[in-house]
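> With chain A's structure known, arrange chain B on it following the hints.
Chains A and B are the protein sequences, given in the same order.
Everything in the first sequence is counted per the working numbering, starting at 1 for the first residue and increasing by one.
Everything in the second sequence is counted per the working numbering, starting at 155 for the first residue and increasing by one.
No lab work stands behind these hints: they were computed from the structure.
Errors might be hidden in some of the hints.
[Stated by the list, open to error] With a straight-line cut-off of 16 Å between C-alpha atoms, the simulated EDC-like cross-links for lysine to aspartate or glutamate are:
1. K126(A) - D206(B)
2. K238(B) - D268(B)
3. K238(B) - E23(A)
4. K32(A) - E105(A)
5. K271(B) - E18(A)
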Amino acid sequence: MMLVRDIMERDLTSLSEETPLLEAMALIVTHKTGGLPVLDNNSRVVGFLSEGDVLKAAIPGYLGYMDENFAAPDVGKINARVKRVGDDPARNYMTKGALVFDENETVSNALVALFKRNVRVAPVIKNGSLVGIVNREEILRGFVQNNFGDGEES
Amino acid sequence: MMITITPNPAIDEVYTVSNFRPGRWFRASDVNRSPGGRGVNVSIILKQLGYDSVSTGFLAGHTGSYIRDEILARGISTNFVDVKGESRSNTFIRDDVGAVETLIADSGPNVGDDAVKRFFWNLERLLPRATAVQMGGSLPPGLPDDFFKGAIDIARRRNIPVFVESFGTPLDRAIEALPTVVKIDQRFMKKMRDVSLSALDYLIDVSKGIFDEGVDWIVTSYFNNSNLFCTTKGHFLAEIDVESAVTFRAASDSLTAGMMIARAERMGIEDTIRFSMACVRENIHSDVATAISRENVEKAVAKVVIQKL
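Chain A extracted, bound-state conformation (with noise of 0.2 Å):
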């Protein structure tokens, strides 16, 4: 039975609820990842902060504007949104009880949830503790390396 901590990341990059927005959009972008866990002054996993949240903080209300008015927004006035927000917490923009995954779940129970939460990314922990991420493409290749091999096509 394959688990989670057989195909998770063990990248262990994380913010703190203090890190700035913008510092938290830069990890994010360096890391190629779809988002990180934010972990409070215990090392707990407290939230997770997505490309997701971080596009709403930087356009707010843009489902709705795009609904109403089918109209994109200007970019500079996304621009000095970021700017303004750039500063603020990540705890202000964090998703709260985010989904997390204990490293002894199995891969299938993983991706249920992960679907039916429409999360692409969530952290993994070890009796409490980060150790890793696991993300939808980690699963794939994880059914990939299963039924090939190595995964990769000569």
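The following block gives chain B in isolation, referenced to the frame of chain A:
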């Protein structure tokens, strides 16, 4: 869980060139690329010997992404701070006929204050789960000379054993924070303390000086086949056979990994010396500098010769 700190990781590119001579053109008969740097090597060796670690430090650019991916692919956890620029490449030219290695190293990316702050934030959060911390190697531009000292201070406040290997002012500052084990390459000992390469008595004197400051273990390389261990039970010279050695590239890192494991398994002083030297022996006789197995290390223990001085 153990933590390794590599301030300046690298890609180690090893080109095998027969009869290498400067000033001529060669085509390599073999090329091997792997992540490197003191702590990274220690993490890889620890993993091969059955111990988990988190590899930390600073990474930059495409080289940095490659290093992180390669470490993760080996099942090792990572928690690096990303900085601008490009992590370094160490180019080794291995002459399989002349049996010599030439190294060309670059200096690495600039590390600013914000990155240092983030590094220490990460370290503080990892330490509650840590059983040992290892740090070493060169500092990239921008990192202050007291970088190791700062990390040792934090770890020692939590009574976590610290293993450090570096040189020059960063090592002098690190010693002030009283790490558990200090490893000094004899070539750097000569530069730091003006001690002759061949004078064992001088090496003992210098090691004893550092030991008296409050460091538990001082380990100094002595030629390429021995290490001098200065301990609470006296001085020991440990020797291994190196005649058929393939590479010395990660020899020192295998010694450190061996000492970390010996401490975790509560080995006595002489067993610690034998086990860590056996790690070195297996490492230098492997084609790949960081390939080693517990079974082979156990077999090699009997081949280590220890002399109490």
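> Confirm or reject each hint.
Okay, the hints, checked on the actual structure:
Taking the CA atoms of K126(A) and D206(B), the gap is near 14 Å; set against the 16 Å cutoff, the hint holds. Of the supplied pair hints, the one linking K238(B) and D268(B) holds, its CA atoms being roughly 12 Å apart against a limit of 16 Å. Between K238(B) and E23(A) the CA atoms are separated by roughly 14 Å; this keeps the pair inside 16 Å, and the hint holds. The hinted pair formed by K32(A) and E105(A) fails the criterion: a straight-line CA distance of about 25 Å is larger than 16 Å.
Distance restraint check for K271(B) and E18(A): the Cα-Cα separation of roughly 13 Å lies within the 16 Å cut-off, and the hinted pair is therefore satisfied.
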